[in-house]
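Participant: If you want the building blocks of each chain, they are given just below.
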Amino acid sequence: MLSIPVHYFLILGAILFGLGVVGVITRRNAIVIFMSIELMLNAVNLTFLAFSNYLNNVEGHIFVFMIMVVAAAEVAVGLAIIVAIFRLRETVHVDDIRLLKW
Amino acid sequence: MDSFGDLLFYLVIETGFLKAALVVNLLLVVVMILTLMERKISAWIQERHGPNRVGPWGILQPIADGVKFFTKEDIVPSHVDKFLYIIAPLVSLFPALVTFAVVPFGDQMTVNMFDHLVTIQFQVADINVGILYIVGIASLGVYGLIVGGFGSNNKYSMLGGLRSSAQMISYELPMGLAIISVVMLSGSLRLNDIVTDQSSLLAWNIFRQPLGFIIFFVAAFAETNRLPFDLPEAEQELVGGYHTEYSSMKFSAFMISEYSHIITASSLVATLYLGGWQIPGLAALNLPIVAEQLLQILAFIVKTSFIIFIFMWVRWTLPRFRYDQLMNLGWKSMVPLGLLNVVLTAAVVAFF
Amino acid sequence: MEDFIWLIPLMPLLGAIINGLFGHVLKGKAGLIASIAVLISFLYSVKAFLMVLDGVTFDGDLFTWIAAGSFQANFGLRIDQLSSVMMLVVSGVGFLIHVYANGYMHGDRSVGRFFAYMNLFVFSMLMLVMGNNLLLLYLGWEGVGLCSYLLIGYFYDKPSAAKAGLKAFLVNRVGDFGFAIGIFIIFTTIGTITYSGIFENVERLVSAGVVTTASLLLFMGACGKSAQFPLYIWLPDAMEGPTPVSALIHAATMVTAGVYMVARFSFLFSYSETAMLVIVIIGTFTALFAATMALVNNDIKRVLAYSTISQLGYMFIGVGVGAYAAGVFHLMTHAFFKALLFLGAGAVMHSLADETNIQKMGALYGKIKITALTFIMAWLAISGIPPFSGFFSKDEILANAYAYHPLVWFFGAVGAFITAFYMSRLVFLTFFGESRVDPEVEKHIHESPRVMTIPLMVLAFLAVVGGLVGIPQFVADLWGGSNHFHHFLEPVFAAANERLHLAHLSHALEYGLMLASVLIALGGIYLAYLMYIKKAIDPDALAAKYKGAYTTLYNKYYVDEGIDAGLLNPIVVMSRWLWHFVDERIIDGLVNVSAKIVMLISLLVRRVQTGYVQHYASVMVIGVILVLGYYLFS
Amino acid sequence: MALESILFWLFAMLAVGGGVGVVVHPNPVKSALFLVVTFFALAGEYVLLMAHFVAIVHIAVYAGAIMVLFLFVIMLLNVQEESRLAGVWGFMRYFSVVLFVALFVQLGYFGYQGFFGAENVPLVRETEIGTVEQIGTALFSQYVLPFEIASILLLTAMIGALYLSKQKLGLGEPARAARVKEALHEKEEAH
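Respectively, the protein sequence lines represent chains A, B, C and D.
For the record, in the first sequence the residue sitting at position 9 is 9 according to my numbering, with numbers rising by one throughout.
For the record, in the second sequence the residue sitting at position 315 is 315 according to my numbering, with numbers rising by one throughout.
For the record, in the third sequence the residue sitting at position 277 is 277 according to my numbering, with numbers rising by one throughout.
For the record, in the fourth sequence the residue sitting at position 75 is 75 according to my numbering, with numbers rising by one throughout.
No lab work stands behind these hints: they were computed from the structure.
Built from N, CA and C at the ideal position, the CB exists for glycine as well.
Check each hint, because a few of them may be wrong.
What the hints assert, rightly or not - So, partial list: chain A residues that the calculated Cβ filter (under 8 Å) puts toward chain C:
1) Ile11
2) Val21
3) Ile25
4) Val69
5) Asp95
To be verified - Here are the simulated BS3-like pairs of lysine-lysine, each with C-alpha atoms no more than 27 Å apart in a straight line:
6) Lys166/D / Lys40/B
7) Lys332/B / Lys166/D
8) Lys534/C / Lys360/C
9) Lys30/D / Lys82/B
10) Lys30/D / Lys155/B
11) Lys545/C / Lys367/C
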């Protein structure tokens with residue numbers, strides 16, 4: 001497995017990250033926004049692993065684990081919040097939930 | 001690539017292509033047998049005759065069933081999400097089959113084949129994180145159900161899919177906890193190491209990990225959606241659950257995946273807790289290596305078959321859980337017990 | 001001595017706390033508690049005085065009060081001849097007035113509050129005289145000022161009383177301002193504020209060239225507190241307070257604080273001839289000036305108030321010319337007879353349903369005999385009739401004034417004549433002649449209760465014999481005695497006396513001056529007799545003849561009006577301008593403009609807050625892009 | 001072209017395709033399934049990067065747990081397809097593309113600076129750092145504190161999620177929910 005340049009992975013990561021950004025900005029559904037954030041996190045993971053391989057350093061892997069932990073925690077709490085909001089407002093569309101702008 | 005032999009060697013041995021194909025086909029054949037076996041066992045338990053018309057004692061019944069499935073009209077209801085509807089059985093089948101890839105069904109042996117001295121591993125892929133692979137792939141089994149349930153665009157199917165996702169997530173946890181205990185004892189994530197670790201009868205994990213065995217076994221029932229945990233397809237409540245809208249070969253694919261799951265789960269139970277392909281005391285007999293290998297493979301098959309038999313036995317004996325009971329059992333009994341098991345095992349490993 | 005002197009100020013403070021907190025529960029008992037507290041203080045003061053008499057003095061710190069950096073103020077007390085006399089006067093006269101007040105304030109709706117203030121006042125006054133450093137002096141100084149304010153405005157639902165309290169407080173602030181600066185100068189120059197420290201390092205003040213400034217600033221405080229020209233204007237108005245208050249605070253004790261302070265700093269003032277001269281001039285002028293205003297006033301308490309101002313002027317003449325002992329002597333005797341006068345006036349008012357206009361009195365002698373008799377004794381004392389106490393003290397001051405400069409004596413003598421006249425007028429109009437009392441009121445005229453008359457009698461006794469402790473040396477020589485009071489105070493003023501070298505008058509001259517004093521006093525009384533008893537001279541005709549002079553006097557030289565027009569009105573006008581223009585237009589305008597600007601910006605900026613998460617997120621992303629861009633391309 | 005390159009391009013296309021699907025598909029369930037595809041492809045990429053362990057954990061955590069949770073919630077809430085994005089949303093759509101391009105250019109430039117410019121393009125190497133032993137050793141020695149903190153974080157998240165879902169939020173009070181909805185609509189109309 002010596003034939004793939006490392007920066008290919010970086011560029012793939014950049015593309016996925018950008019896609020995640022687009023998703024966060026354009027989607028109305030809070031759950032989909034959440035998924036877009038997961039996409040961004042995974043793009044970062046990919047970058048971490050690529051650099052880890054390039055630098056021959058295990059810390060990238062450790063970081064990926066931490067990100068996974070954070071992602072899992074985030075999803076648990078985030079989805080709980082979304083469910084709570086849905087129970088209260090019967091919507092998961094973020095443009096319906098903008099009480100700060102009253 | 002100077003000869004056909006070399007090419008064959010490359011294809012068969014180096015890539016494991018043949019081995020994989022062999023195993024998958026074998027699995028499908030076994031599934032066929034299992035359908036008959038289930039009907040026979042259920043008949044036996046219910047004091048009926050079971051299928052006895054096609055072939056002697058009805059042993060050709062699976063073939064007849066196959067023909068029937070293939071020749072039936074493949075109905076695609078108009079309201080379904082076509083892509084998901086079609087892909088769901090495949091998604092369901094895929095993890096059931098690939099899980100088996102890392103299960104060792106025999107020891108390795110070195111033979112001379114086509115003038116090549118080759119080591120044959122009775123295992124499709126001997127990866128060093130095999131057990132993690134199993135956990136990872138097993139958790140994908142739920143997608144077939146979810147996709148099928150959602151793609152059918154039917155409330156019963158949808159509820160089935162919902163239930164299955166909740167159930168899968170809930171029972172993955174105790175299963176993982178039970179596996180962790182086993183891994184702690186063997187000190188390796190490689191399934192082969194786990195098997196060789198149980199070299200004597202008393203070293204079988206069922207004796208070292210009785211609690212873990214029970215937890216894993218129960219969780220395996222839940223993961224395969226077998227009674228008493230078959231809520232995703234509970235006929236009385238959800239008509240047919242996630243496969244309500246399916247017919248013909250697609251329905252058959254769900255069936256195949258269910259039985260494949262059973263086989264994989266049983267083989268895993270056998271591997272993790274019953275010593276896998278090991279036969280205690282076999283080495284003392286000093287049999288020829290080929291005989292020894294065949295005996296070991298046979299032992300694996302016997303153990304797995306026994307577990308499969310228990311699966312069926314339980315199915316036709318126990319009633320179905322209610323949904324809240326299922327969740328209570330999962331979160332309030334299995335998870336704490338699993339944690340306790342992990343803690344105890346860790347203490348034993350650390351201090352003895 | 002250390003073991004009990006701290007109790008002297010503590011007892012009134014305890015009384016104040018008890019009365020302040022539980023006054024509404026105690027009601028009638030409040031006066032009892034307050035009186036007992038002051039009585040205990042008085043008894044301990046007597047004990048301290050006796051020890052001082054034996055030559056034991058005390059000057060030391062009880063505990064550290066304030067410690068900030070290099071500055072340290074200790075709670076230190078100084079019990080010497082001067083402060084022991086003051087303690088006796090304060091607690092003794094204070095006790096008598098407290099007893100009197102029990103009767104006078106009987107039935108008032110918030111007696112507890114009254115006695116809490118009174119006790120607090122006694123505490124503050126004791127702190128003022130007992131402290132061994134300027135900070136404690138200042139504490140007491142401000143404390144008595146506060147109590148004065150609170151007590152003048154005691155009837156706070158009466159607008160004039162509330163206004164008078166405020167006036168007293170504000171006028172005092174002017175003096176206190178100078179006083180505080182004086183203290184600062186002393187502290188920055190010497191670095192210590194204890195009396196002993198200042199005494200030892202007074203040369204440094206001299207070498208720094210600030211001794212005159214410091215002295216004058218301190219005297220400025222004394223002017224305010226002791227109601228000297230031009231800061232006397234608050235004292236007549238202070239008569240709005242209850243009469244015991246006038247007696248205690250505005251006659252006997254608080255107003256003498258200035259005299260005490262100058263006496264206490266005699267060693268400092270003796271370094272500055274200018275300051276001494278200023279004190280003498282102000283004192284002389286005030287003595288004469290206030291006396292003239294008393295001539296025509298018809299309010300019994302205000303007459304006494306002007307009289308007090310005038311007498312304070314005499315005290316300042318005394319301390320100004322270097323006769324400190326004489327000043328303090330007059331302070332003491334004045335405390336006796338002026339307290340007596342006020343209490344007597346209070347008793348008269350008590351009998352006449354709070355009537356204060358002497359034109360509506362007369363022929364009361366037969367009806368309220370005890371009051372009248374004690375009042376007459378005080379009258380004789382203040383007029384300077386021997387052997388009443390006022391004669392000795394005033395005569396001593398005038399003699400020393402003559403030694404300083406005959407002109408001072410002359411003005412003092414004129415003032416004494418006027419004093420004798422207006423006091424006689426007061427007495428004749430009140431107690432003699434025909435009755436002009438409202439017939440409705442006349443029926444109810446009655447003698448005051450015992451609790452009021454007994455203090456009157458005690459004070460009358462003191463007013464009569466109080467002067468005997470300070471019989472002038474040349475008189476005492478006749479039988480081989482000595483001026484006990486002078487000898488007693490000798491150690492305190494030794495340093496100042498040594499520097500000043502008071503001129504000694506010949507015995508003949510002294511006898512002559514004494515005779516002149518007596519004649520002047522008798523002359524004043526005779527003139528009043530002619531005018532108000534014999535009716536030989538019609539005062540109304542006299543007033544009509546010299547109409548201009550009369551109205552000027554009657555309107556108190558238009559000083560209040562002058563201050564209003566010359567000082568207050570410009571301030572009010574300027575304040576209005578500051579308020580309406582500077583504050584409302586410029587400052588508020590600036591604030592409003594800034595608020596408007598914020599509002600305008602907000603109008604734009606608030607469009608950013610759309611409530612859509614995505615908009616925020618995109619802004620965040622833009623930020624990321626910018627930061628990345630900066631990092632990449634710079 | 002070597003097998004690895006083929007696999008790389010395959011997985012990369014799958015990942016990007018899945019990502020695009022997540023972003024553009026109006027149906028949240030489809031979006032989620034696209035995301036699963038992306039995750040699988042990414043797991044493949046991880047394997048190519050010699051990170052087997054991470055790859056499998058990735059599958060187990062993301063595909064096995066997180067995405068199932070997502071699907072579960074979507075189905076539980078019975079979320080409908082997103083209606084066409086109108087008004088500001090249309091603008092946001094084009095604007096997001098601009099942002100995407102900007103971000104991609106910048107991040108890509110990073111790659112260019114670091115690697116394109118080098119004389120020898122660094123390739124993925126055979127390495128042992130992705131094995132369980134290596135990662136485990138690192139996790140339980142040097143990074144034991146972050147590891148423990150991560151466990152605390154998970155515990156906190158668990159309790160938080162439980163608390164949030166246990167709360168009584170007026171469920172069973174349809175009237176009140178309807179009122180809220182009405183108020184929201186009135187607000188909308190006012191705008």
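Participant: Look at each hint and say if it fits the structure.
Facilitator: Now for the hints, and whether the structure bears them out:
1. Interface restraint check: Ile11/A against chain C, minimum CB-CB distance 15 Å, threshold 8 Å, status violated.
2. Contact between Val21/A and chain C, as hinted, is supported at the beta carbon level, the nearest pair being about 5 Å apart and thus within 8 Å.
3. Of the supplied interface hints, the one on Ile25/A holds, with its beta-carbon coming within about 5 Å of a beta-carbon of chain C, less than 8 Å.
4. Annotation: Val69/A was flagged as interfacial toward chain C, and the flag is violated, the nearest CB pair being 23 Å apart, outside 8 Å.
5. The restraint placing Asp95/A at the interface with chain C holds, with a minimum CB-CB distance near 6 Å, inside the 8 Å limit.
6. Pair hint Lys166/D plus Lys40/B does not hold up; C-alpha atoms about 47 Å apart against a cutoff of 27 Å.
7. The straight-line distance between the Cα atoms of Lys332/B and Lys166/D is roughly 16 Å, inside the 27 Å bound, and the hint therefore holds.
8. Taking the CA atoms of Lys534/C and Lys360/C, the gap is about 19 Å. The hint holds against a cut of 27 Å.
9. Distance check on the hinted pair: Lys30/D and Lys82/B sit about 12 Å apart at the alpha-carbon level, within 27 Å; holds.
10. Distance check on the hinted pair: Lys30/D and Lys155/B sit about 18 Å apart at the alpha-carbon level, within 27 Å; holds.
11. Between the alpha carbons of Lys545/C and Lys367/C the distance comes to roughly 36 Å, so the proposed pair goes past 27 Å and is violated.
Checked against the numbered hints listed earlier, the structure breaks hints 1, 4, 6, 11; every other hint is satisfied.
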